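Peer 1: Letter by letter, the chains look like this.
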Amino acid sequence: MKIIVAIKQVPERDAQVRIDASGKWIEEADIQYAMNESDAYALEEALQLKEKHGGEVAVLSAGPERVGTTIREALAKGADRAIHIDVDDLGQRDSLGVARLLAEAIEPESPDLVLTGLQSDDLGLGQTGVILAELLGLPHASLILQVEKTEAGLSVKRELENGWFQTIKLPLPAVLTIQSGGNKLRYATLMGIKRAKTKELRRVPAADLPIENAPTAVLEGVTLPQKQRSTQILPGTAKEAAAALVEKLKFEVRVL
Amino acid sequence: MILFSFTLAEPQHFSIAEKLLLAVLIVTSGALFWRRFGRVVDRILRSKKDPGFHLGNIGRRVWEFFSEVLCQSKVIRQRPLPGLAHAFVFWGFCAFALVTLNHIAVGFGIGFLAPDGVFGRFYFSFAAVFALACAVGILGLFVRRFLVRPRWLGDKVSYESGVIAFLIFALMATYLAAFFTTDDAPAARVLWWAHTLSLLVFLPIIPHTKHLHLVLSPATVFLSRGGFSAIPPLAGDEDFGLVAGQDLTQLVSLQAYSCVECGRCTEHCPASNTGKILNPKEIILGVRAYLNDIGPQTEEPLLGKYNSQEAVFQCTTCGSCEFQCPVGIEHLPILVGLRRGAVNTGSWEDAFGTKLFNGLERGSNALGISAAERDKFVQKQQFPIFDGTQEYCLWLGCMGGYDPKGREIVADFARVMNFLGTSYGVLRKEKCTGDPVRRLGNDLVFQQLAEANLEMLSQSKVKKIVTICPHCVRTIQEDWKAYGTPPPIEHHSEFLARFSDQLPKPSQNQEKEKIVFHDPCYLGRYRNVYDEPRTVAATAGQVIDPPRARERSFCCGAGGGLVFLGEETGKRVSHVRAQELAATGASTIGTACPFCNSMFRDALGASNQPAPQLLDIAQLVARSLPDNDRSHSA
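Top to bottom, those sequences are chains A and B.
First residue of the first sequence? That's 12 in this note's numbering, and the numbers climb one at a time after it.
First residue of the second sequence? That's 42 in this note's numbering, and the numbers climb one at a time after it.
Isolated chain A, as found in the complex (with noise of 0.2 Å):
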């Protein structure tokens, strides 16, 4: 099975952000970038349907130089070879402007499967990859957490609200947006590092991808979420007062 992969280079969990002069986005320099986290999830499916069914996995991603790091991190978790669209203005890009840089890379791969997380860390839109199958023509799922290969195709697990999860089947090749959570993650080895540096890794450069810059949705301003205490003292017995926090976690919070 010949399985691409896309990958997004986030922020690190725990880069302090700062927003830019422009206002419009934030401060990358200073800043540690990571893996996003479903992107992670979907390699790990990726390289676990390969151990299981053979094949090939390749990772994709768009984004400056930097992106690089997150790249040769898929090759050293065991990715057999990688594509990097080289493009230094994805964050004015509309996730239909980023899904069609994607599609140009996959459609001449012509690949089995098409794996991507469900959304990203840092604008969390949750389209490129349902986009992306729209722009391939292929079937597509969303927020998966098990992948099965059947006779047919395919056998995913999705999760829906409140505990629920569904099975469909899917013929394929598919495009699947996964979910964070349903594998664990294996770590990064030296081994994996050294041995990544000798597989191949693609640049193409946006500007020679036939797709133009021309967002239908535009990015007007990125704000730091305000900090607010609402700590609220709950007077009376404690019994009067559990009998309060109950009330309120019911039907203010409505948690329980």
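It is worth saying that the hints were derived from the structure and are not from the lab.
It is possible that part of the hints are untrue.
[Unchecked claim] Computed list of lysine-lysine pairs in DSS-like fashion (alpha-carbon distance at most 27 Å, straight line): (1) Lys-396(B) - Lys-168(A); (2) Lys-180(A) - Lys-168(A); (3) Lys-195(A) - Lys-396(B); (4) Lys-160(A) - Lys-61(A); (5) Lys-63(A) - Lys-180(A); (6) Lys-90(B) - Lys-251(B); (7) Lys-317(B) - Lys-208(A); (8) Lys-470(B) - Lys-505(B); (9) Lys-317(B) - Lys-251(B); (10) Lys-205(A) - Lys-89(B); (11) Lys-470(B) - Lys-238(A); (12) Lys-205(A) - Lys-90(B); (13) Lys-522(B) - Lys-205(A); (14) Lys-504(B) - Lys-522(B); (15) Lys-63(A) - Lys-89(B); (16) Lys-160(A) - Lys-63(A); (17) Lys-417(B) - Lys-470(B); (18) Lys-208(A) - Lys-89(B); (19) Lys-317(B) - Lys-417(B); (20) Lys-61(A) - Lys-396(B); (21) Lys-317(B) - Lys-197(B); (22) Lys-197(B) - Lys-89(B); (23) Lys-90(B) - Lys-238(A); (24) Lys-238(A) - Lys-251(B); (25) Lys-396(B) - Lys-417(B); (26) Lys-396(B) - Lys-505(B); (27) Lys-208(A) - Lys-505(B); (28) Lys-522(B) - Lys-470(B); (29) Lys-238(A) - Lys-250(A); (30) Lys-205(A) - Lys-396(B).
[Claimed, not checked] Take a look, some chain A residues computed to stay more than 12 Å from chain B by CB distance: (31) Leu-101; (32) Ala-199; (33) Arg-214.
Keep in mind it's a predicted model, so treat the numbers as computed, not measured.
No residue lacks a Cβ here, since even glycine has one placed at the ideal position from N, Cα and C.
Following the hints, complete the assembly by docking chain B onto the known chain A.
Peer 2: Just chain B now, with coordinates in the frame of chain A:
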């Protein structure tokens, strides 16, 4: 009646037949010795060259050889009675070298030490004293091994040791008996031949048994890497640690063949003592068995048939084994080396370990908490940010920056520094030093962390570091050297001990308080710091030692990354140690490591007995500070 004379009887006039027989026996014995010993030497020499090894520091090597081999210092100090018995056997052998040479020479009619000459009379009597001591010593060791049978010598009775003991005893007895006869008595000749035969039978047995240590361990002690837990660098793109026979280095092979199977390592091992499968002696013997069966320069994995991966990952890296070993075996580079082999190639699969590695690949600390929490803590405590003007960089570490109890310790230590008027600042950002991943054998993540931290420290122009965590101290000072030049660092016990006369005085009640001090492995055995924390604790109360203290201290169970690996099998190491500390009757347990503190906090909490209070040495000092009323806001 046989009279005792101060003259050793030497038979004279050996016939040609006797001389021929002697020559044949010597050649046979020597050949049998070499047939086996030559193969051992060949396996050692065919092993990989040790990366980073050099024979520098001859002074240290000579001193260790003098102290540990010639004076038998470690053998005696750590097990006084059997140690002395062994030392007498050893010294007896040394004294006997000349006697033995002359003994054989006599057989060929070219004896060079006249028993009735001035030197001969002196030397043979001198050797007789040692022979007596040696005979008593070997008898004592025989009784210990076969009648007392301490469990760390193993379940199986070693019959070969019995044979060896008998031969050594025979050597001594036949020598001593020769003082009770005369040159021309037939008894002298019988004794001479009995002595010779004992010797020639003894020789070929040596390389077949653990008595190989007679020949190898002097070299092993002299050639040891030195330092403590000196983890060698990886050489080239194909070195991932100890994966297969081709990764065994000459030092590892030499050490494996030197093991005398005394079991001191096992006796002190926290894993072996709490029902885990790890037995450090068996690890070394596993490597030896591998070398015997498969040999170096092979691709057969080291973990599997000969050593188990599970055992290797039960090690807390407390270093008791390495400290105790009387023949110079460095267990930690071997144990960590086997872990490196498993982790660097991805063959170790463990949910907790993977979580730790992935967490440290992306995040900043081993506890997997957001770095923003550290920022909040720094703000709340109003710690000054290090800007190059302060004397010290106060390194918080994962425990000091994120763990509730660790934070209390750091906050109290900072208050003491304020009281002493020392200027310090904390870094805006810190990453884990990489201690847990270093000990678990993940060189990739360790390198990333060390390099990122070294970069931050050099940008911040840090000149001196002080920290509450012995693991940070060790890792920064020793392990980071592979990737740069770390600034000098000290543990807060060393810092506080320098100011011991300026520290606040305790109240009269507290002065009488009994504090039992627990030596952290990474401060004691790893750094050789035993007195400083006691000096500091003594400013706050009466310091007492638990039964196992100082270099024999028993681990808390946290080291080697194990604190992050979930539930243990068998008894919990921390419970065993906490009970030992509580049983001293002290009202306070004094600690000097935030990991020990955290382990004991949980262990004491799990016990039904009224628990002593648990305080770091910084907290012992801080509670007498004049501004104590506004403390503990961490």
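Peer 1: Now tell me if each hint is right for this structure.
Peer 2: Going down the list of hints, with the structure as the test:
1. Lys-396(B) - Lys-168(A): 24 Å, holds
2. Lys-180(A) - Lys-168(A): 9 Å, holds
3. Lys-195(A) - Lys-396(B): 9 Å, holds
4. Lys-160(A) - Lys-61(A): 11 Å, holds
5. Lys-63(A) - Lys-180(A): 19 Å, holds
6. Lys-90(B) - Lys-251(B): The given pair, whose Cα atoms are some 24 Å apart, holds under the 27 Å limit.
7. Lys-317(B) - Lys-208(A): With Cα atoms ~40 Å apart, Lys-317(B) and Lys-208(A) exceed 27 Å; violated.
8. Lys-470(B) - Lys-505(B): 17 Å, holds
9. Lys-317(B) - Lys-251(B): 25 Å, holds
10. Lys-205(A) - Lys-89(B): 21 Å, holds
11. Lys-470(B) - Lys-238(A): 22 Å, holds
12. Lys-205(A) - Lys-90(B): 22 Å, holds
13. Lys-522(B) - Lys-205(A): 22 Å, holds
14. Lys-504(B) - Lys-522(B): Distance of about 16 Å is within 27 Å: holds.
15. Lys-63(A) - Lys-89(B): Status violated; Cα separation ~37 Å.
16. Lys-160(A) - Lys-63(A): Cα-Cα ~10 Å, so holds.
17. Lys-417(B) - Lys-470(B): 12 Å, holds
18. Lys-208(A) - Lys-89(B): OK: Lys-208(A) and Lys-89(B) at ~25 Å, within 27 Å.
19. Lys-317(B) - Lys-417(B): Status violated; Cα separation ~40 Å.
20. Lys-61(A) - Lys-396(B): 23 Å, holds
21. Lys-317(B) - Lys-197(B): 19 Å, holds
22. Lys-197(B) - Lys-89(B): 33 Å, violated
23. Lys-90(B) - Lys-238(A): Distance of about 59 Å is beyond 27 Å: violated.
24. Lys-238(A) - Lys-251(B): 69 Å, violated
25. Lys-396(B) - Lys-417(B): 25 Å, holds
26. Lys-396(B) - Lys-505(B): 33 Å, violated
27. Lys-208(A) - Lys-505(B): Given that 27 Å is the threshold and the Cα spacing comes to 38 Å, the pair is violated.
28. Lys-522(B) - Lys-470(B): At roughly 21 Å apart (the allowed maximum being 27 Å), Lys-470(B) and Lys-522(B) satisfy the hint.
29. Lys-238(A) - Lys-250(A): 31 Å, violated
30. Lys-205(A) - Lys-396(B): 22 Å, holds
31. Leu-101: Since the minimum Cβ distance to chain B is about 20 Å, Leu-101(A) lies beyond 12 Å and the statement holds.
32. Ala-199: Nearest chain B Cβ is 6 Å from Ala-199(A), so the label is violated.
33. Arg-214: 24 Å, holds
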